[in-house]
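Can you build the whole structure from these sequences, using the hints too?
As a plain string of letters, each chain reads:
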Amino acid sequence: MAEHSAVAAELEHPHALQHHFDDLGQQYDASTFGMWVFLVQEILFFGGLFACYTVYRSMYHDAFALASSHMDRTVGAFNTLVLIGSSLTMALAVRAAQLGHKKALVRNLLFTMALGFVFLGVKVYEYSHKWHEHLVPGLNFLFDSPHARQVEILFSFYFAMTGMHALHMIVGEGLLAYFVVKALKNTYTQTYYGPVEIMGLYWHFVDIVWIFLFPLLYLIG
Amino acid sequence: MSNHHVEPKSTYYLVFLALVIGTVLTVLAAGVHLGPLNIVVALGIASCKATLVVLFFMHVRHSTPLNQLTVAVGFLWLVILLVLLMGDYFSRSWVPPPKAW
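Here the protein sequences line up with chains V and X, keeping their order. Counted the way this note's numbering counts, the first sequence spans residues -17 to 203. Counted the way this note's numbering counts, the second sequence spans residues 6 to 106.
Hints were generated in silico from the structure; no laboratory data involved. Quick reminder that beta carbons are idealized off the backbone N, C-alpha and C, glycines included. Among the clues, some could well be false.
[As the list claims (entries may be wrong)] Label pairs and their in silico Cβ distance ranges:
(1) X:L81 with V:G145: 26 to 32 Å
(2) V:A12 with X:L81: 37 to 43 Å
(3) V:G103 with X:K104: 56 to 62 Å
Here it is in structure tokens:
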């Protein structure tokens, strides 16, 4: 009898339902909407950087091409594939959450984390390489060309934009670790997987930013 | 729940494949000299890739109309930001600076 009323209570008011929502569906819609509003703000935040880049590139077209030729496009393309792969595993993680497959959810979250770390590791390699080539603006920039100052501007954009992107990746890695722990504690169910969906939205957004950064920084030489 | 739609795994694999092909095409296209068209091709491919991610990975295809509107408005604002800013910079040279009195 006590067990029956517990089931009834769970149906009446699911554990995951916040008291200010009518039902889990409304809660899900409200939370994904909130995430999209946040992402629109993120689009405009990165949009400002892209707009600034566009203005300077239209001014110093040749210098930007020269600077871009100092970037390793093979490494950049490799990292693009790594990040696309991590988006695939993230999408599969959300799908596993929708279906209530705990093992697949945890596995795909861990794959996503691993691919994210590969990306960040390659980024560390690239940054240290730039340091040795004296291409870090403001710290050790040495470039033998009449366009040196303009080349320095592109490298400023490179570090500002990929740096902001990498910071988002690092935040994402922390969030993924949190989701792995929560998933292991059976927090997510077929009717309550909204947070995993939101984690996915964030991760895919960071992927999209890189999809634009890669050609604009690495491939204009 | 308005979003009970579960995509088959094959959809995600196909989108992933399209994204890989797009990346390869971007690198190949950058090696061909098209002049000012290079950037148009690069951004065109990037936009297609981003659209695939938004529609399939981010589930906007099956999202609520409110979310779809929010995404559309986000990109509209981005376009306003870029068009007005570039409109300013490109048109500055059209009018000569006024002479001193």
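Hints, one by one, checked against the model:
1. Range check, L81 (chain X) to G145 (chain V): about 28 Å between beta-carbon atoms, so the 26 to 32 Å window is met.
2. Separated by about 23 Å at the C-beta atoms, A12 (chain V) and L81 (chain X) break the suggested range of 37 to 43 Å.
3. Taking 56 to 62 Å as the suggested C-beta distance range, the pair G103 (chain V) and K104 (chain X) conforms, at roughly 59 Å.
Going through the hint list in order, the structure does not satisfy hint 2, though it satisfies all others.
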